[in-house]
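Line by line, the protein sequences give chains G and R.
Going by this note's numbering, 106 is the number at position 63 of the first sequence; the sequence numbering is gapless.
Going by this note's numbering, 100 is the number at position 93 of the second sequence; the sequence numbering is gapless.
Hints should not be assumed to be uniformly reliable.
Stated by the list, open to error - Listed below are the simulated BS3-like cross-link pairs for lysine-lysine, each with C-alpha atoms no more than 27 Å apart in a straight line:
(1) 219/R <-> 231/R
(2) 118/R <-> 48/G
(3) 10/R <-> 231/R
(4) 56/R <-> 231/R
(5) 55/G <-> 151/R
(6) 116/R <-> 142/R
(7) 10/R <-> 151/R
(8) 231/R <-> 30/R
(9) 116/R <-> 30/R
(10) 356/G <-> 151/R
(11) 118/R <-> 142/R
(12) 56/R <-> 161/G
(13) 48/G <-> 116/R
(14) 16/R <-> 30/R
(15) 37/R <-> 56/R
Said to hold, decoys possible - Looking from chain R toward chain G, a few residues come up when the C-beta cut is under 10 Å (computed):
(16) 10
(17) 11
(18) 22
(19) 85
(20) 93
(21) 113
(22) 114
(23) 123
(24) 184
(25) 185
Unchecked claim - Some but not every residue of chain G turned toward chain R, in silico, with C-beta under 8 Å:
(26) 107
(27) 166
(28) 167
(29) 230
(30) 231
(31) 232
(32) 233
(33) 246
(34) 251
(35) 252
(36) 338
(37) 343
Calculated directly from the structure, the hints in this document are not laboratory data.
All values derive from a computational prediction rather than experimental measurement.
Using N, Cα and C, we set each Cβ at its ideal position, and we do this for glycine too.
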Amino acid sequence: MQALKRSLEILKSSPALFILLLGFGLFPIYTSLVDLPFWNDVSMRIMLLGMAALGLNLVLGFGGMVSFGHAAFIGIGAYSVGISQFYGIDNGWLHILFALLFCAAIGLVIGFLALRTKGIYFIMITLAFAQMLYFFFVSLEVFGGDDGMGVDRAEFLIIDLWDPLRLYYLIWMALFAVCLLLLLIINSRFGVILQGIKDNESRIEAMGLSALRFKIIAYVLSAAVCGLAGALFANWQEYVSPDIMHWSRSGELMIVIVLGGLSYIAGPLIGAIVFFLLEEFLPEFLYFIAPDYSENWMIIFGPMLIAVVLFTKGGLMAIFDQLHRRITRRQDTT
Amino acid sequence: MTKVSLELKDISKSYGALRASHKLCLSVNKGEIHALIGPNGAGKTTLIKQIYGSEQPDSGQILLNGELINNTSPSVRVRKGIGRSFQISNVLLGFTVLQNALIAELARKGKVFRFFSPAFSDPSLLTGASDILGKVGLLHQSEKLAAEISHGERRLLELALAIATNPQLLLLDEPLAGAGAEESRHITSIIETLKSQHATLLIEHDMDAVFKLADRITVLVEGKTIASGTPDEISNNSVVRNAYLGDGD
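Using the sequences plus the hints, can you model the full thing?
Below, the structure is given as structure tokens:
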């Protein structure tokens, strides 16, 4: 209870996150007013990708570990739903529990092995593990192999998900919980030391702390968050295939984080929103000026990403942060 | 009851043909400053690294309070009572001075695997952190980022972080490196006031500071001890004068 009170206090200190969560919460009202329910679907997709990116950002942004294999955990989370249903387990809470447990367990094994390396070796090892898992699911003919398997929207005891809005608010609540949890963690004793390790690992070791333990725990937590996103993703898509854990999705998560700003909790969410809007509208824009190339919207997106990285020094959130500071300073002086 | 805090027995370490440490024996007692001097490349920092645990000796024993610690990692040795300051300032540059001290205080107190208790607003941690900064006279810079303070102040912060864990054995690797004359005097006086609480092994090139601080001095040349004794003995030792200190005229 105290943790909840504290997390709400912290939420006040992060207005961007507060606005984003509120916005996601109110969005379906807007779409029903303008009668565009399709946009609820987009919003759900943004929240899910944002949630996974938030999970990755715990290790990438706050722990300084560039993991290039987090799509694997989304996949494991999604397959936890599919495979559970395959064996007749229909309870959605159980699916989520399995997703969290499997991702934490596999995250522990991968983290334990991979976190002994640093820099480029760590990137490559996490990618290698993710590729192993990808091809593992490709080869599992029982569960559809390459073609994947259909998934029914799960039953969550009291709530079933026949109405898409219920799924929307389930995802929203999960996102809200993940945001609060991460806010608490990065301000906690554990989180502060994790950020210390990112800053200067040898100093943290010289204080008598084993950096490896902190990194492994952060890795496990981040894997579990991606697993949760994956489990909800399977419900949203009503379909699971190895495609969900393709290596390019790991890259997508990193792009989303870098775009939004990796030293901010709200960064990955902003990144996910902008990324999806661009993915939606850049092809249309390209179709308008060069119809043959509308599929290659990344040609424009790439330079935009580079510009954000070069000029904002900390992603889109850095701009918001500066604005916020300027406003509060003006309030202080008046 | 013995007062010997650190004891090295026949420590040897080679990198290929280069002998960094050759059968070194040395001890540091509580309340004592034992200085290690010698020309560049004499193996002083290598010896500190072996005591700290980031390098392993090829042979020999390292005893901390009588306990053999050869096969332990640096973080374990720190928990057993070793504090180290680095030759090149090794602080958390992205954090404020106070936060640096607070994280060190947190590490000392333990209970670090708490995922929901706030760190930077914890009153007891803040008090502890202020105490640490007070010891080196850096309280006035608490709110500055460690990256933004002067070089000399960063040397002070480095020293503060080394003593923050309340170590029995303090390893100081050139605490005055790069500090100005005024700052050097300040840091020297702080090391002197801390002396009684720790056993200190000091590497320093500033001979004024060494002869002011040290109770015992060991002179290292090419990995070998060529002399060891009180400051008076060392300054009158002809071998040392030829090898390192110069004739003085």
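Against the earlier hints, flag every one the structure doesn't satisfy and list their numbers going up.
Checked against the structure, the hints that fail are numbers 7, 9, 16, 17, 18, 24, 25, 26, 27, 28, 36, 37, while the rest are satisfied.
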